[in-house]
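Dock chain X against chain W, hints included.
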Amino acid sequence: MSATAAADIQLDASGRLRHFLTVEGLSRELLVRIMDTAESFAGVTAQNVKKVPLLRGKTVVNLFFENSTRTRTTFELAAKRLSADVLNINIATSATSKGESLLDTVRNLEAMHVDMFVVRHAQSGAAHFIARHVAPHISVLNAGDGRHAHPTQAMLDVFTIRRAKGGFAGLKVAIVGDILHSRVARSEIWALNTLGVDEVRVVAPKTLLPAHVEALGVAPYHDLNEGLRDVDVVIMLRLQLERMGSAFIPSEHEYFQRFGLTEKRLEKARPDVIVMHPGPINRGIEIDSAIADGPRSVILQQVTHGIAVRMAVMSMAMHAGPDMEGSA
Amino acid sequence: MSQADFEVETLLARLEVSLREELARRRLDDPAMIGVHTGGAWIAEVLHRRLGFSEPLGYLDISFYRDDYPQSGMNPDVRASKLPFRVDGRNIVLIDDVLYTGRTVRAALNEIFDYGRPAEIVLGVLIDRNGRQIPIQADCIGGRVELETGQRIKLTGPEPLQLAIRTGGR
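Taken in sequence, the protein lines are chains W and X. Position 316 (the first sequence) corresponds to 316 in the working numbering; numbering is contiguous. Just remember that the working numbering sits 328 ahead of the position in the second sequence, which is counted from 1.
Next comes chain W alone, as it looks inside the complex (with noise of 0.2 Å):
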C-alpha cells in the first residue's frame, strides 16, 4: 500500500486520525500531537484514580491473532485508563479456529456495539483490511501486522527519544538487528525520517537487512562497532529466534559475537547514549543484561510510555472531530 494510500484510510476528511495503521504517509505534525497528548497522559498517574473519563461507555476489542502479553496489556491498560470498557478476544478459542472468516468475526463484534478494534495478525494488511470493511464509527489501531507496521510501538520509541533527549534534530539513531522481519524497524524509520532526526542507521548482517534498504532513507552497517560510531540513540530489536530456523545467522553465540551489545561496543557511541529494546529482550544474545539493566537502559521507561502514547492514539481516533478551543 503507497503512503497516500495508507495516510487516506487513517484520515478524516479534516485531516484527523481516524485508524492507526501506520506511521507511513503521516505528517510531522500529527506524530508531534501524538506526542503531545501522550505527555499529558503521561501525569494521569500521577492521580490518586489513574483514570480519565474520555472514553467512559466505550467499548474496545483487543483482536489479537498473535500472542503478545505486553501489548496487549498496555492496550487494556491505555483503554482502562481512559475508562474503557475493554473485551479481549482469545483467538485460539475463538470462533476463528472454527472455520469462521475474519469478516464475520468482525460483523458480529460490530453487532455487540463495540467502538474500537486493536489487530495483531501475523499477515501484513489485516489490520487495513478489517479498517476498509468496518462500520464508519469504528476506529481500528494496528497492533503488529505481520512483516508491515507497528505504529504504536514506533510512537512509543519516539516518544521515550524526545522525552529523554529533548528533540529530534541532529540525531543519529543506530537500530540493530533483524531489520529483515521487523515491524517495529520499519515504523521506527519512518517515524524518526519523518520527525527529522539527522541519521538513521540500520545494523545487521546482510540476511538480516532487506534488499534496497536504502531506499527507506537508511544507511546500512553491517559493523556493530562502526554503526555505533556516535550515535545517539541505540535501537535494539528482538532475534526473532522462531524464524532463524531458516539459517538466517550461524548461530545465537556467533551472532551475539558479532552483533551483541556490549560495554566495550557502547564505548563508540556518545557518552550520553540512550539504548532501547522494545521487548521482550533476548539476554546474553543481543544485548548483555550488563546494559539491559544499566543507566543508559529506557527499555524499562518504554513499557511506561506505551501506555501513554497508547491512550493518545486511542482518544485522538475514536472521535475524530473539530477542534475545541475556549472554556465555558
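Rather than coming from a laboratory, the hints here were simulated on the basis of the structure. One thing to keep in mind: the hints can contain errors.
Stated by the list, open to error - Using 27 Å as the maximum straight-line C-alpha spacing, the simulated BS3-like pairs for lysine-lysine come out as follows: (1) W/Lys80 x X/Lys410; (2) W/Lys80 x W/Lys51; (3) W/Lys172 x W/Lys268; (4) X/Lys410 x X/Lys482; (5) W/Lys268 x W/Lys206; (6) W/Lys206 x W/Lys172; (7) W/Lys264 x W/Lys165; (8) W/Lys268 x W/Lys165; (9) W/Lys50 x X/Lys410; (10) X/Lys410 x W/Lys51; (11) W/Lys165 x X/Lys410; (12) W/Lys80 x W/Lys50.
Claimed, not checked - Where chain W lies over chain X, by a calculated footprint (3+ residues, C-beta under 8 Å): (13) 404-415; (14) 474-481.
From the three backbone atoms N, C-alpha and C, an ideal C-beta is built for every residue, glycine too.
Here is chain X on its own, set in the frame of chain W:
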C-alpha cells in the same frame, strides 16, 4: 459594564480583594492555588504572586474531563495537568478566567477529586457572564457581564492580558 470595567488590572484587583476576604471569612489557612488552562492559568499566576501563596501553583487542563468530547473530539492543544502538592485534606483556590456555562468548572472539580479529596474549594473567576447551564457559581469574581446570544468574552495573553467581546465564530 463600562469599557473601563474591562480593564484586566481593575478586574484582577477586585478579584484579589474578594479572595482575601473570602479566605479570611472561611479561615482557610495555607491554601493551594490551581489555575485552569489557559486563561485561568494566566490569571492564577498573577494572583498566586500577589496573595503570597507558599505552595507552587497547580495547573489543570480539563480536556480529558470535558463532557462534550463525544461531539468535539480531542483538544489539539492539550497541556499536562500538574498539581505539585497533595490535594487530600487541602484547601484549594480554583481560578478560571470566564465562568459561562459552568461545564469547565464541573470538569475541573471532577479532575481535582481524581487527585484526592480536598477540604474546601474556593472558586474565583475574573469575569462571571450569563449563560449558565449547570448549577455552579463562583465565590469570588472580578466583574460581571451580560452578553447576548452569540457573543463571547475572550481573554488573550499572557502579556498583556486583555479582554475582548467577540460576536460569532471562535
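Taking the hints in turn, this is what the structure says about them:
1. W/Lys80 x X/Lys410: Given pair W/Lys80, X/Lys410 holds - Cα atoms ~21 Å apart, limit 27 Å.
2. W/Lys80 x W/Lys51: holds, 7 Å
3. W/Lys172 x W/Lys268: The given pair, whose Cα atoms are some 13 Å apart, holds under the 27 Å limit.
4. X/Lys410 x X/Lys482: holds, 24 Å
5. W/Lys268 x W/Lys206: holds, 22 Å
6. W/Lys206 x W/Lys172: holds, 21 Å
7. W/Lys264 x W/Lys165: holds, 23 Å
8. W/Lys268 x W/Lys165: holds, 18 Å
9. W/Lys50 x X/Lys410: holds, 14 Å
10. X/Lys410 x W/Lys51: Roughly 15 Å between the alpha carbons, so the hint for X/Lys410 and W/Lys51 holds.
11. W/Lys165 x X/Lys410: holds, 22 Å
12. W/Lys80 x W/Lys50: holds, 9 Å
13. 404-415: Held - the segment 404-415 of chain X has 9 residues with a Cβ nearer than 8 Å to chain W, which meets the minimum of three.
14. 474-481: It is violated: at least three residues are needed, and the segment 474-481 of chain X offers just 1 whose Cβ sits closer than 8 Å to chain W.
When the structure is compared with the earlier hints, a violation turns up for hint 14 alone.
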